[in-house]
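Chemist: Just need the whole structure built from these sequences, with the hints factored in.
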Amino acid sequence: DTEVTQTPKHLVMGMTNKKSLKCEQHMGHRAMYWYKQKAKKPPELMFVYSYEKLSINESVPSRFSPECPNSSLLNLHLHALQPEDSALYLCASSQFILAGGYEQYFGPGTRLTVT
Amino acid sequence: QKEVEQDPGPLSVPEGAIVSLNCTYSNSAFQYFMWYRQYSRKGPELLMYTYSSGNKEDGRFTAQVDKSSKYISLFIRDSQPSDSATYLCAMSIIQGAQKLVFGQGTRLTINP
Numbered sequence: 001d002t003e004v005t006q007t008p009k010h011l012v013m014g015m016t017n018k019k020s021l022k023c024e025q026h027m028g029h030r031a032m033y034w035y036k037q038k039a040k041k042p043p044e045l046m047f048v049y050s051y052e053k054l055s056i057n058e059s060v061p062s063r064f065s066p067e068c069p070n071s072s073l074l075n076l077h078l079h080a081l082q083p084e085d086s087a088l089y090l091c092a093s094s095q096f097i098l099a100g101g102y103e104q105y106f107g108p109g110t111r112l113t114v115t
Numbered sequence: 001q002k003e004v005e006q007d008p009g010p011l012s013v014p015e016g017a018i019v020s021l022n023c024t025y026s027n028s029a030f031q032y033f034m035w036y037r038q039y040s041r042k043g044p045e046l047l048m049y050t051y052s053s054g055n056k057e058d059g060r061f062t063a064q065v066d067k068s069s070k071y072i073s074l075f076i077r078d079s080q081p082s083d084s085a086t087y088l089c090a091m092s093i094i095q096g097a098q099k100l101v102f103g104q105g106t107r108l109t110i111n112p
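Chains as they are written, first to last, in my numbering: chain Z, 1 to 115; chain R, 1 to 112.
Don't read these hints as lab results, they were simulated from the structure.
Among the hints, a few may not be true.
Said to hold, decoys possible - A short, non-exhaustive set of chain Z residues, derived as facing chain R with CB atoms under 7 Å:
#, residue
1, 39
2, 42
3, 61
4, 64
5, 67
6, 87
7, 90
8, 105
9, 106
10, 108
Claimed, not checked - Which bits of chain R does chain Z cover? Going by a derived footprint, with three or more residues having C-beta under 8 Å, they are:
#, region
11, 32-42
12, 101-112
As the list claims (entries may be wrong) - As a list, the in silico DSSO-like pairs of lysine-lysine whose alpha-carbon atoms are at most 30 Å apart:
#, chain 1, residue 1, chain 2, residue 2
13, R, 2, Z, 18
14, R, 99, Z, 19
15, R, 56, Z, 22
Quick caveat: nothing in here was measured; it's all calculated off a predicted structure.
We put the beta carbon where it would ideally sit given N, CA and C, even for glycine.
Modeler: Laid out in structure tokens, this is it:
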């Protein structure tokens with residue numbers, strides 16, 4: 001099973017709201033990722049967690065706050081977003097990144113609209 | 001110059017045709033190569049991955065890597081309308097944290 005699940009599927013939020021995106025995988029993968037994808041563009045890396053520790057932050061604004069509560073879960077907390085943050089937010093996971101298994105498996109995404 | 005170049009298309013072919021999708025790259029340190037298929041408004045689905053030069057086959061799909069030319073390809077045989085999607089190549093350096101570098105994606109339509 002190579003499934004990554006994401007909730008919610010769709011989210012509409014105002015610029016003053018606080019919301020969270022959730023991602024879950026049960027493949028035993030120890031690296032998890034958040035990506036942002038705009039229409040007709042490839043995914044753009046935001047954050048990487050390896051062994052529940054933040055290992056890459058691609059200079060993402062602080063209005064996006066990631067959290068990895070355990071090896072299966074990844075959250076993205078959203079606060080005071082801008083309309084230009086509207087996009088498809090994708091979660092991905094891969095095996096232990098220093099021992100092979102570099103391919104990443106993506107979830108279906110959360111389509112976020114900021115009004 | 002982008003690290004990974006991929007023709008965005010659109011590419012339109014008749015059903016049953018052989019489709020060839022390609023990416024070139026400039027960073028010789030890339031060692032791991034992936035192809036993803038993405039349907040509209042869905043997440044990317046991993047189709048093929050390969051480490052090192054050569055061919056890898058899975059059903060109607062064949063991935064080819066030529067490191068000497070810095071060129072990778074995905075071939076789809078007996079193409080079906082359900083293959084209509086955007087195809088993304090991705091590659092990475094196997095060192096430390098994992099960052100994928102994506103091509104721009106090629107939009108493919110298979111006409112019945």
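Chemist: So, for every hint listed, does it hold in this structure?
Modeler: Here is what the structure says about each hint:
no. : hint          : in the structure
1   : 39            : violated (9 Å)
2   : 42            : holds (4 Å)
3   : 61            : violated (19 Å)
4   : 64            : violated (18 Å)
5   : 67            : violated (18 Å)
6   : 87            : violated (12 Å)
7   : 90            : holds (5 Å)
8   : 105           : holds (6 Å)
9   : 106           : holds (4 Å)
10  : 108           : holds (5 Å)
11  : 32-42         : holds (count 5)
12  : 101-112       : holds (count 4)
13  : 2/R <-> 18/Z  : violated (36 Å)
14  : 99/R <-> 19/Z : holds (27 Å)
15  : 56/R <-> 22/Z : violated (34 Å)
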